[in-house]
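Colleague: Model the full assembly from the supplied sequences, consistent with the hints where possible.
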Amino acid sequence: MSNPVDRDRLIVPQLQPVYAGGYETVETVLRVLAGVLLVTHGYGKIINPFGAVGMVESLGFYPGAFWSPLLSATEFFGGILVAIGLFTRPASFAAMIVLLVTVYFHGIVKAEGLGGAEKSILWAAIFLFFAFRGGNRHSVDARLGKVF
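Read left to right, the sequence shown gives residues 1 to 148 (full-length UniProt numbering).
Read the hints as simulated data drawn from the structure, not as lab findings. Small disclaimer: the values here were computed from a predicted structure and weren't measured. Note that CB positions come from ideal geometry on N, CA and C, so glycine has one too. Treat the hints with care, since some could be wrong.
What the hints assert, rightly or not - Per label pair, the in silico range of CB-to-CB distance:
no., residue 1, residue 2, range
1, V18, R133, 20 to 30 Å
2, L15, R133, 46 to 56 Å
3, F148, L70, 28 to 38 Å
4, L70, F129, 35 to 45 Å
5, E57, F132, 27 to 37 Å
6, D8, K119, 46 to 56 Å
Modeller: Now the structure itself:
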């Protein structure tokens, strides 16, 4: 993708080389950090993949013995995939779905409102971005020459 910042539109046109050289790097940093943080969040779940059975069933996801390991795998392995940029779109989409459930959980079930759901909303938006954008040239997807 070419640089979306047109030099003539910038208030300080001298900044265009900074934006042109940095926007893809910054996007990569965001993708890697989002993936790594999702891995760290899912680490405890992957160690005990059936540990969230009661929690997922309390949200209406039956059978919990199916959904709890799926949640664990989505967070842990999905985070790895996003971080390295392999199958970036489907892994990000799955992470976004998980995070939208946490928006519901914190905002509605626990009645914490926006204050309780805001981090999940932000995380869901980040993964929505990568679900549409995919990995950039700094991804395994790009190295393979194929994207999902």
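Colleague: Evaluate each hint against the coordinates.
Modeller: Evaluated hints:
no.: 1; hint: V18 with R133: 20 to 30 Å; result: 21 Å, holds
no.: 2; hint: L15 with R133: 46 to 56 Å; result: 23 Å, violated
no.: 3; hint: F148 with L70: 28 to 38 Å; result: 19 Å, violated
no.: 4; hint: L70 with F129: 35 to 45 Å; result: 23 Å, violated
no.: 5; hint: E57 with F132: 27 to 37 Å; result: 32 Å, holds
no.: 6; hint: D8 with K119: 46 to 56 Å; result: 38 Å, violated
Of the numbered hints listed earlier, those contradicted by the structure are 2, 3, 4, 6.
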